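Required output: the full structure, derived from the provided sequences and hints.
Basically the numbering used here = 1-based index in the sequence shown + 18.
Because the hints were derived from the structure by calculation, they are not lab data. Note that the structure is a prediction, hence the values are computed from the model and not measured. Don't take each hint at face value.
Label-pair ranges, simulated between beta-carbon atoms [to be verified]:
id : residue 1 : residue 2 : range
1  : 24        : 117       : 45 to 53 Å
2  : 34        : 87        : 16 to 24 Å
3  : 95        : 30        : 39 to 47 Å
4  : 72        : 43        : 19 to 27 Å
5  : 71        : 36        : 15 to 23 Å
6  : 24        : 54        : 40 to 48 Å
7  : 78        : 26        : 24 to 32 Å
Cβ atoms here follow ideal geometry from the backbone N, Cα and C, with glycine treated the same way.
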Amino acid sequence: MGNFLFLLLVAIGAVFWWQSQKSRQAATQAAIAVCQRQNLQFLDGTVHLRKYWPMRTGNRTIQLCRLYFFEYSNDGSQRLTGRLVLVGTRIIEVELDAYRIS
Numbered sequence: 019m020g021n022f023l024f025l026l027l028v029a030i031g032a033v034f035w036w037q038s039q040k041s042r043q044a045a046t047q048a049a050i051a052v053c054q055r056q057n058l059q060f061l062d063g064t065v066h067l068r069k070y071w072p073m074r075t076g077n078r079t080i081q082l083c084r085l086y087f088f089e090y091s092n093d094g095s096q097r098l099t100g101r102l103v104l105v106g107t108r109i110i111e112v113e114l115d116a117y118r119i120s
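And the structure:
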């Protein structure tokens, strides 16, 4: 019984890690796309996970919701912060700090 429980925990951890990698990749691609559409510079080439929590979706299943932050610049001299909220690998919210349009 102890070996089964150990293998189950390892499998759950592996699935969580795999889903986290897919979610991070989706967040990075979304951040790049948002920056390109807004003529902004995506800085550091990455996003970072701030927090995650369970969320009930429309079809009554529970999925993990993740909040990612990324940095961008509109003029190359200041760093601004953007936020992405994902449910699974689907982007449900994008928010950018206010910036001056030159």
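Hint by hint, here is what the structure shows:
no. : hint                   : in the structure
1   : 24 <-> 117: 45 to 53 Å : holds, 50 Å
2   : 34 <-> 87: 16 to 24 Å  : holds, 20 Å
3   : 95 <-> 30: 39 to 47 Å  : holds, 45 Å
4   : 72 <-> 43: 19 to 27 Å  : holds, 21 Å
5   : 71 <-> 36: 15 to 23 Å  : holds, 19 Å
6   : 24 <-> 54: 40 to 48 Å  : holds, 46 Å
7   : 78 <-> 26: 24 to 32 Å  : holds, 25 Å
Checked against the numbered hints above, the structure breaks none of them.
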